[in-house]
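Number of protein chains: 2
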Amino acid sequence: MASHPNRRILLATRPDGRARQSDFELVETAIPAPKEGEVLLRNTLISMDPYQRNLMGNGSSELPPMELGTPMSGPTVAIVEESHNPDFAKGDYVQTWTGWQDYAISDGSDLRTLDPGMAPLSTALGVLGHTGLTAWVGMTKYLDDMPGGTFVVSAAAGSVGSMVAQMAKLRDHRVVGIAGGARKIAYLRDEIGVDAAVDYKADDFEAQLARALPDGVDRFFDNVGDYMFEAVMPHFNLNAQAVICGTIAGYSDTGLPDRRDHLPRLLNLILYRFIQVRGFSILDHLDSYPAFLEEVAPWVTAGRIKYREEFIEDFERIPETFLTLFEGGNTGKLIARVG
Amino acid sequence: MASHPNRRILLATRPDGRARQSDFELVETAIPAPKEGEVLLRNTLISMDPYQRNLMGNGSSELPPMELGTPMSGPTVAIVEESHNPDFAKGDYVQTWTGWQDYAISDGSDLRTLDPGMAPLSTALGVLGHTGLTAWVGMTKYLDDMPGGTFVVSAAAGSVGSMVAQMAKLRDHRVVGIAGGARKIAYLRDEIGVDAAVDYKADDFEAQLARALPDGVDRFFDNVGDYMFEAVMPHFNLNAQAVICGTIAGYSDTGLPDRRDHLPRLLNLILYRFIQVRGFSILDHLDSYPAFLEEVAPWVTAGRIKYREEFIEDFERIPETFLTLFEGGNTGKLIARVG
Numbered sequence: 001m002a003s004h005p006n007r008r009i010l011l012a013t014r015p016d017g018r019a020r021q022s023d024f025e026l027v028e029t030a031i032p033a034p035k036e037g038e039v040l041l042r043n044t045l046i047s048m049d050p051y052q053r054n055l056m057g058n059g060s061s062e063l064p065p066m067e068l069g070t071p072m073s074g075p076t077v078a079i080v081e082e083s084h085n086p087d088f089a090k091g092d093y094v095q096t097w098t099g100w101q102d103y104a105i106s107d108g109s110d111l112r113t114l115d116p117g118m119a120p121l122s123t124a125l126g127v128l129g130h131t132g133l134t135a136w137v138g139m140t141k142y143l144d145d146m147p148g149g150t151f152v153v154s155a156a157a158g159s160v161g162s163m164v165a166q167m168a169k170l171r172d173h174r175v176v177g178i179a180g181g182a183r184k185i186a187y188l189r190d191e192i193g194v195d196a197a198v199d200y201k202a203d204d205f206e207a208q209l210a211r212a213l214p215d216g217v218d219r220f221f222d223n224v225g226d227y228m229f230e231a232v233m234p235h236f237n238l239n240a241q242a243v244i245c246g247t248i249a250g251y252s253d254t255g256l257p258d259r260r261d262h263l264p265r266l267l268n269l270i271l272y273r274f275i276q277v278r279g280f281s282i283l284d285h286l287d288s289y290p291a292f293l294e295e296v297a298p299w300v301t302a303g304r305i306k307y308r309e310e311f312i313e314d315f316e317r318i319p320e321t322f323l324t325l326f327e328g329g330n331t332g333k334l335i336a337r338v339g
Numbered sequence: 001m002a003s004h005p006n007r008r009i010l011l012a013t014r015p016d017g018r019a020r021q022s023d024f025e026l027v028e029t030a031i032p033a034p035k036e037g038e039v040l041l042r043n044t045l046i047s048m049d050p051y052q053r054n055l056m057g058n059g060s061s062e063l064p065p066m067e068l069g070t071p072m073s074g075p076t077v078a079i080v081e082e083s084h085n086p087d088f089a090k091g092d093y094v095q096t097w098t099g100w101q102d103y104a105i106s107d108g109s110d111l112r113t114l115d116p117g118m119a120p121l122s123t124a125l126g127v128l129g130h131t132g133l134t135a136w137v138g139m140t141k142y143l144d145d146m147p148g149g150t151f152v153v154s155a156a157a158g159s160v161g162s163m164v165a166q167m168a169k170l171r172d173h174r175v176v177g178i179a180g181g182a183r184k185i186a187y188l189r190d191e192i193g194v195d196a197a198v199d200y201k202a203d204d205f206e207a208q209l210a211r212a213l214p215d216g217v218d219r220f221f222d223n224v225g226d227y228m229f230e231a232v233m234p235h236f237n238l239n240a241q242a243v244i245c246g247t248i249a250g251y252s253d254t255g256l257p258d259r260r261d262h263l264p265r266l267l268n269l270i271l272y273r274f275i276q277v278r279g280f281s282i283l284d285h286l287d288s289y290p291a292f293l294e295e296v297a298p299w300v301t302a303g304r305i306k307y308r309e310e311f312i313e314d315f316e317r318i319p320e321t322f323l324t325l326f327e328g329g330n331t332g333k334l335i336a337r338v339g
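Top line first, the protein sequences correspond to chains A and B.
Here the first sequence is numbered in UniProt numbering, starting from 1 and rising by one per residue.
Here the second sequence is numbered in UniProt numbering, starting from 1 and rising by one per residue.
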């Protein structure tokens, strides 16, 4: 067993607004000992994701936040170091949710065994993990397939958005991707292969959008909400369908934007154009992993779905790297290789 | 064949805003003659409905308006006066869409034969017609059944709303009805039998609403939109579902209400509470009439679903009676008995 101590990055304080370095605390503890039925896990890959901000509390999530003083919660890939559970052997790789620490104990119920021969293990945190499952479930369970229809994706250069855009292409939709800045637009055009890319940071965003949507919008996979949804919604065709998979701001009942109220207009569109707008919980669909992997893993290994990962090698730098997610600059899934 | 001429009330002008008496013109023409395969229909019951305003044009509907100079479009019950179509016999009663006139020709494709022994013929225009089908389709096809859950209906004293409220009770939901004014609230409590009735015209509307929703909202059948939806939406539970079946205002892209923007808040609720909001077209569900009647007609004939009708006997008064719909005073389905 490794001799170095068990490093853990704890949630020290709940952020008020944007998270800061001082919200985290690095501590070193003993390596825990598994009991009968349990396994000892050592994290090898640790994911950093925007939604983790919501787990810290004082955010817009409706779910209870994680406890203060516990390791920052999040998905990981771990290796089984010691097993007292017949379902797992020493050396097995698993995808789990042990967060920002070296070692953890599990009774096995929250582990998904990985096949290192199928795809790089890091994909279990992104394109073949929760990110990919989120994209796939949103598309296949909450948007009726409509080959030939116009499919719009916002934050299309992001980890969920780029996957949705590529799956929509593979399903023969006409795909319009929205992202911010010339670099992301070039990525959408040259790498992701969208039919049209629209820059929301451009002065003529709405005109660009209108030009990209000569036949309106049939499906909208929205990772932004807010002004983005309001820009797209006038283009909804009859029977259009939208999924809300992310929003950029956590408005309370009182903290509403100081601009004219767009909600009655949306309700009219829903009424007269027979539209549906839906959210979903990925936790209701974890049993879809096999069906998801069966369809998507071959696309990933064949290079038909591209993805980007950025690695850091230094456990201590996880908090500061996580914080860069909220500056909009990074272009791939952020993963720490540890141990 | 009847000897009096064929009276027709034509759409003379498209209203700008609220419809007026001068938008209509009464003319008298010859009775048309059916050809081979056709039937001559004489209207006996003519419906007056709020959505007919949208058919007149310059409204919020996305559908093309009816043509100027043609009889005002709308649902009717007619008797077959002369038949050259083997599917219909003289004396048959049918539900059709011949609008505000005495006589019309049909090739039979738009006729639904009525059984006068099943229920009063007038119900084919309301509780057992499009009104009832709209309520039933919205409930059964667009809201998952959830016995024991809290079901909210707005405009609950109206023709669609009162039916939805009663069907929700028959499906063992806890039903909260919203309506305006003491008379409608008493009707909801005493006749419709809701579990709680909330008066949106009261000064303490939002407090009343909160008291009526101690366990939040699971299903919302909204006939109002606008401020009504905005008042109900903070109470949405996880996995709440809403159907938009009516809105009170036809907001254009530019004519948005001058108050803070509630749409980003709704998108956050959709994201974090896994909500769905949907519209639907009753025209996609006309083949559900048999299933609808099979379930609902016995409830109506047994008195388990109550409904209200108001009759006028004078064809010429149809326009002025129609216009009263927009003053909010009437309390039942408006029907003209003619011929």
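Hint data in this document are derived by calculation from the structure and do not stem from the laboratory.
A few of these clues could be false.
[What the hints assert, rightly or not] Chain B side only, calculated, beta carbon under 10 Å to chain A, not exhaustive:
| no. | residue |
| --- | --- |
| 1 | Ile79 |
| 2 | Glu82 |
| 3 | Met146 |
| 4 | Gly148 |
| 5 | Ala249 |
| 6 | His262 |
Being a predicted model, the structure only gives us computed values, none of them experimental.
Using N, Cα and C, we set each Cβ at its ideal position, and we do this for glycine too.
Exercise for review: Could you check if glutamate 82 (chain B) really has its C-beta closer than 10 Å to a C-beta on chain A?
Suggested key: violated (38 Å)
**Study point:** Evaluation of the interface hint that places glycine 148 (chain B) against chain A, nearest CB under 10 Å
**Key:** violated (20 Å)
Point to revise | Supplied contact hint for methionine 146 (chain B), tested at 10 Å Cβ to chain A | key: Check failed: Cβ of methionine 146 (chain B) comes no nearer than 16 Å to chain A, outside 10 Å.
Exercise for review: Have a go at the histidine 262 (chain B) hint: is there a Cβ in chain A nearer than 10 Å to its own Cβ?
Suggested key: Result: holds, 4 Å to nearest chain A Cβ.
Exercise for review: Report holds or violated for the interface hint on alanine 249 (chain B), using the least CB-CB distance to chain A and a cut-off of 10 Å.
Suggested key: Interface hint status for alanine 249 (chain B): holds (6 Å vs cutoff 10 Å).
Point to revise | Restraint satisfaction for isoleucine 79 (chain B) [CB to CB of chain A, less than 10 Å] | key: violated (34 Å)
Hints 1, 2, 3, 4 from the list above are not met by this structure, while the remaining hints are.
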